[in-house]
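Below, each chain spelled out in residue letters.
Protein chains: 2
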Amino acid sequence: MSSAIEQARSLIDLAQTSLNSALSHLKAGALDNGRVSGSKLDEKQLACYELAYCEAEVTAANVMLDYSQKVRADKGGSDELRIEEALALQYSAETLQNTRARFNTRRGDYGFSREQLAKTLDSDTVDDFINLYLSTEKLEAVGKTILNNEGYVGEYMLDDEKAMMRDSFRAFASDVVMPLAEHIHTKDLDIPDEILKPLVELGCFGLSIPMQYGGIQPDDSEDNLGMIVVTEELSRGSLGAAGSLITRPEIMARALLKGGTEDQKQYWLPKLAQAEPLNAVAVTEPNFGSDVASMKLKATQVAGGWVLDGEKTWCTFAGKAGVLLTLARTNPDMKSGHKGLTMFLVEKPTFPGHAFAHEQENGGTITGKAIPTMGYRGMHSFTVFFDNYFVPDSHVLGGNEGIGKGFYFTMAGFAGGRIQTAARATGVMQAAFERALSYSKERVVFGKAIGEYQLTLVKIARMAMLLAVSRQFTYHVARLMDEGQGQMEASLVKLASCKSSEWLCREAMQIHGGMGYAEESPVSRYFIDSRVLSIFEGAEETLALKVIAKALIERAA
Amino acid sequence: MSSAIEQARSLIDLAQTSLNSALSHLKAGALDNGRVSGSKLDEKQLACYELAYCEAEVTAANVMLDYSQKVRADKGGSDELRIEEALALQYSAETLQNTRARFNTRRGDYGFSREQLAKTLDSDTVDDFINLYLSTEKLEAVGKTILNNEGYVGEYMLDDEKAMMRDSFRAFASDVVMPLAEHIHTKDLDIPDEILKPLVELGCFGLSIPMQYGGIQPDDSEDNLGMIVVTEELSRGSLGAAGSLITRPEIMARALLKGGTEDQKQYWLPKLAQAEPLNAVAVTEPNFGSDVASMKLKATQVAGGWVLDGEKTWCTFAGKAGVLLTLARTNPDMKSGHKGLTMFLVEKPTFPGHAFAHEQENGGTITGKAIPTMGYRGMHSFTVFFDNYFVPDSHVLGGNEGIGKGFYFTMAGFAGGRIQTAARATGVMQAAFERALSYSKERVVFGKAIGEYQLTLVKIARMAMLLAVSRQFTYHVARLMDEGQGQMEASLVKLASCKSSEWLCREAMQIHGGMGYAEESPVSRYFIDSRVLSIFEGAEETLALKVIAKALIERAA
Numbered sequence: 291m292s293s294a295i296e297q298a299r300s301l302i303d304l305a306q307t308s309l310n311s312a313l314s315h316l317k318a319g320a321l322d323n324g325r326v327s328g329s330k331l332d333e334k335q336l337a338c339y340e341l342a343y344c345e346a347e348v349t350a351a352n353v354m355l356d357y358s359q360k361v362r363a364d365k366g367g368s369d370e371l372r373i374e375e376a377l378a379l380q381y382s383a384e385t386l387q388n389t390r391a392r393f394n395t396r397r398g399d400y401g402f403s404r405e406q407l408a409k410t411l412d413s414d415t416v417d418d419f420i421n422l423y424l425s426t427e428k429l430e431a432v433g434k435t436i437l438n439n440e441g442y443v444g445e446y447m448l449d450d451e452k453a454m455m456r457d458s459f460r461a462f463a464s465d466v467v468m469p470l471a472e473h474i475h476t477k478d479l480d481i482p483d484e485i486l487k488p489l490v491e492l493g494c495f496g497l498s499i500p501m502q503y504g505g506i507q508p509d510d511s512e513d514n515l516g517m518i519v520v521t522e523e524l525s526r527g528s529l530g531a532a533g534s535l536i537t538r539p540e541i542m543a544r545a546l547l548k549g550g551t552e553d554q555k556q557y558w559l560p561k562l563a564q565a566e567p568l569n570a571v572a573v574t575e576p577n578f579g580s581d582v583a584s585m586k587l588k589a590t591q592v593a594g595g596w597v598l599d600g601e602k603t604w605c606t607f608a609g610k611a612g613v614l615l616t617l618a619r620t621n622p623d624m625k626s627g628h629k630g631l632t633m634f635l636v637e638k639p640t641f642p643g644h645a646f647a648h649e650q651e652n653g654g655t656i657t658g659k660a661i662p663t664m665g666y667r668g669m670h671s672f673t674v675f676f677d678n679y680f681v682p683d684s685h686v687l688g689g690n691e692g693i694g695k696g697f698y699f700t701m702a703g704f705a706g707g708r709i710q711t712a713a714r715a716t717g718v719m720q721a722a723f724e725r726a727l728s729y730s731k732e733r734v735v736f737g738k739a740i741g742e743y744q745l746t747l748v749k750i751a752r753m754a755m756l757l758a759v760s761r762q763f764t765y766h767v768a769r770l771m772d773e774g775q776g777q778m779e780a781s782l783v784k785l786a787s788c789k790s791s792e793w794l795c796r797e798a799m800q801i802h803g804g805m806g807y808a809e810e811s812p813v814s815r816y817f818i819d820s821r822v823l824s825i826f827e828g829a830e831e832t833l834a835l836k837v838i839a840k841a842l843i844e845r846a847a
Numbered sequence: 291m292s293s294a295i296e297q298a299r300s301l302i303d304l305a306q307t308s309l310n311s312a313l314s315h316l317k318a319g320a321l322d323n324g325r326v327s328g329s330k331l332d333e334k335q336l337a338c339y340e341l342a343y344c345e346a347e348v349t350a351a352n353v354m355l356d357y358s359q360k361v362r363a364d365k366g367g368s369d370e371l372r373i374e375e376a377l378a379l380q381y382s383a384e385t386l387q388n389t390r391a392r393f394n395t396r397r398g399d400y401g402f403s404r405e406q407l408a409k410t411l412d413s414d415t416v417d418d419f420i421n422l423y424l425s426t427e428k429l430e431a432v433g434k435t436i437l438n439n440e441g442y443v444g445e446y447m448l449d450d451e452k453a454m455m456r457d458s459f460r461a462f463a464s465d466v467v468m469p470l471a472e473h474i475h476t477k478d479l480d481i482p483d484e485i486l487k488p489l490v491e492l493g494c495f496g497l498s499i500p501m502q503y504g505g506i507q508p509d510d511s512e513d514n515l516g517m518i519v520v521t522e523e524l525s526r527g528s529l530g531a532a533g534s535l536i537t538r539p540e541i542m543a544r545a546l547l548k549g550g551t552e553d554q555k556q557y558w559l560p561k562l563a564q565a566e567p568l569n570a571v572a573v574t575e576p577n578f579g580s581d582v583a584s585m586k587l588k589a590t591q592v593a594g595g596w597v598l599d600g601e602k603t604w605c606t607f608a609g610k611a612g613v614l615l616t617l618a619r620t621n622p623d624m625k626s627g628h629k630g631l632t633m634f635l636v637e638k639p640t641f642p643g644h645a646f647a648h649e650q651e652n653g654g655t656i657t658g659k660a661i662p663t664m665g666y667r668g669m670h671s672f673t674v675f676f677d678n679y680f681v682p683d684s685h686v687l688g689g690n691e692g693i694g695k696g697f698y699f700t701m702a703g704f705a706g707g708r709i710q711t712a713a714r715a716t717g718v719m720q721a722a723f724e725r726a727l728s729y730s731k732e733r734v735v736f737g738k739a740i741g742e743y744q745l746t747l748v749k750i751a752r753m754a755m756l757l758a759v760s761r762q763f764t765y766h767v768a769r770l771m772d773e774g775q776g777q778m779e780a781s782l783v784k785l786a787s788c789k790s791s792e793w794l795c796r797e798a799m800q801i802h803g804g805m806g807y808a809e810e811s812p813v814s815r816y817f818i819d820s821r822v823l824s825i826f827e828g829a830e831e832t833l834a835l836k837v838i839a840k841a842l843i844e845r846a847a
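Sequences listed follow chains E and V, in order.
This note's numbering applies: residue 291 is where the first sequence begins, and numbers increase by one.
This note's numbering applies: residue 291 is where the second sequence begins, and numbers increase by one.
Please keep in mind that the hints were generated in silico from the structure rather than gathered at the bench.
Take these hints with a grain of salt, some might be off.
No copy labels: a pair is met if it fits in one copy or bridges any two.
Derived DMTMM-like pairs (lysine to aspartate or glutamate); straight-line CA-CA distance at most 20 Å [to be verified]: (1) Lys-477 - Glu-810; (2) Lys-555 - Glu-810; (3) Lys-548 - Asp-332; (4) Lys-452 - Asp-364; (5) Lys-588 - Asp-509; (6) Lys-428 - Asp-599; (7) Lys-659 - Glu-691.
Just so it is clear, the structure is predicted and the values come from calculations on it, not from any experiment.
Next up, chain E with everything else stripped away, as it sits in the complex:
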């Protein structure tokens, strides 16, 4: 281990120790009869929000340090720092700087005195490390290396099989998706069959479905990494017209594997793997974004099944989907909260376009209307209205046993949605990064290519760093999830990557000058698309407060 990496590791450990102490401080203040009180914690939301980001960054820094060591061990290299090491050190310095600034600004919230910080995160050692690895000279040098090496931000560290998958989906994104992406966006079109059909053939929809159920995932283990690699590469082509296609089957497959009866698995999973039908997820309701326990869509028992009445919103791809994974309230007493919810597999005919309507023989109807959005186009996000819509008993996820367990099955799917979303963020970042690099070589101002200016090089260094971190953090979480772990990390990487993606796309646009604002420049679309990432699959505030900070504080010492 190089001494620099060794030092970075010890300083990041110090940051983790300070962070843990802050979490303990918050816990002590939020206890009510020995238990963490949600309302007391709400009085410290700002601190919780900051600590969630802090945990995400510290975790990511450790992932990057591990990764850079593994690359060194596997690939060797000269005595000079490899780019992976340079980026790991830069990210460690940024993490320390962010953590120090957070604690310095609101010491009281975290229970620190100025003296304590001076001995720990605000010590000369930390300060020197930050000043060294965020120095203008270092950043400029990293930017130059990246630009000279055509945007190489480090080894992917994938095995041969995954590397092949990556190559073929990357080529598909470049050759098929990218040329269609602008047109789909500006005209708000459906994803065309030119994209959809080859993806089915490439096995894309069977990635998280075990072989025994007709997918391509080995039966003895999950293959989250494969799915992540494919999603990232497709998202590089287009977030809405390709990169988000796997998210929905991924969520539904997880829910089925967690809670479905054997019959349901055997019936549905092979169909999902073939995208016959495509599926959608109907969980969110108007005014209840991520507040799943408050869902109201009513399911009433009738002979042979249930009828659904009510409304779901932000149901992406509902038109083209033949089945909607739908969360409904089977216990009308709202006090039952999340225990009154059940998951249904709701079949419907498929429709292209921005609206649909279907009437059953019993007179029940399902109708949908796409919500025009500023970006993330291609799949369309629908509001779906259920009116006396009949679903047979066989389509209750988990059968009789599944009644009242819809919330848990939803949660099982959501972790998949989060890591999916981090991979989507990485793909969009990669695309924007490539455009920023090529434009910075092309565009000349005041007599020089803008890529020759220090400020551009510094921006490129930070872009490269965030891109590498996002990718390796996502890969790391995928590997954890293969081992049945990584629930918390899936939330952390979602939080960090989506934020990074917004910044990176903003700067990629800025590098383009006026042209960045033109629709013909893909960066304008990347900017708009990246904006949705911090909103869906767990809005950043909900994720930071209700998922991450809550769990961190509950488990704090």
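For this one, chain E is given, so just place chain V on it according to the hints.
Then chain V, alone, in the frame of chain E:
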């Protein structure tokens, strides 16, 4: 003066002193034979960029402190802090925190040792001030006050005449512009006459034109404040469909007043005041965003005038404009740089829509094609092609005297464009802020309106602060410009306000959850529109480096 404000002022003075010392340090390193060398300065771009923002923030903090004192003196109030004071203190604390973090991260660039910083910007006094005025409790309290007072962020401090102007344009924006804005954006339409005609009648286009030339500005002084107030209010209605209408006549009027012959002033200014014709500004060329001195559009002398050949881009409103203020190269030797440039008043017929073509009797042509953009819609930004296009001698700005002076006349117009843009940013911020407030009262998650959560209140407090700062800083610069000063400050406020506007619109959108991404929510449009502000009228990098930092360092001790 309250003791808190007094303390803030002394700490902001300290920040200014540290900043000046950093500027001197940079100057010393960039000297070449006693003069500041551009290429040496380019080796310190990151530091220059950071210091430009730093200067903008410190200046804004002083403006806010002055303003809060003036409000206290004029309006009094109870012993409690007025909201203006609370926001001034909060902004001072944020400025100190930003400045401290910048200097702490890259001490070497600015010539500071850790010991020096510990005695100045990183002292216990500064730290206590930051921790007090950025404390969660203070921010939450400010957020609550703002929410309870329907978004009141402090007195405007306008005289009765300006207050009346503000009210009438505000009503026009609410009643006429806002209901049309979404449609104009989503369909990429021309600004309709329903908006254009009443604005002519309201005198909007004559705001920066002296009465003696048919405008409504008193002859003895400029009235930048009036123009700023109107632009802000119209931009609240829509950036592209109303708020940017005054920018172009403003720039052309300034150029005419600075460099036009008496005949030209008498001929053109009354026409501009009546928007007959509308005008556009043709300066930017492809690949030469803000690099005016490299402009290439060729002007060749012929009998009775000149013919123009070449291309201009990002010429907003070129279709509907009857005259283009056009910068062209009259000295073909590129080595003549900006001294080879001349300004022409190029007449053309007016055309609605996204493309135009016109042929003169001599066979010369002018054609235009709108560049589809992600936002800022309504005026359309054109690429304009000149082919042997004849312009008579009478249309050379400044006549024979004006040949070779085009660059200076451009600069005269640009300061107007910058303060205009800051006012546009304030207007967009105000609109987004209003939506964020109303939605935070409406939307319920986890059983409470999101406006009741601490994190939302903290966001609202920062929004309110940035909005008030942007407005008062812009007003301040307008008053300076009335006195013939404020060139530097116009750049500073442009830099600061455009950045603030991006953040504010992003958070206003985030408060809306999924609905923020829907086109039917105006915040989605505000987000997209605000993104153009840091790109046009001086891209942030050019402004920070080539305009602000360069001048600050040249004048540093």
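Enumerate the violated hints, using their earlier numbering and listing them in ascending order. 2, 3, 5, 6 and 7
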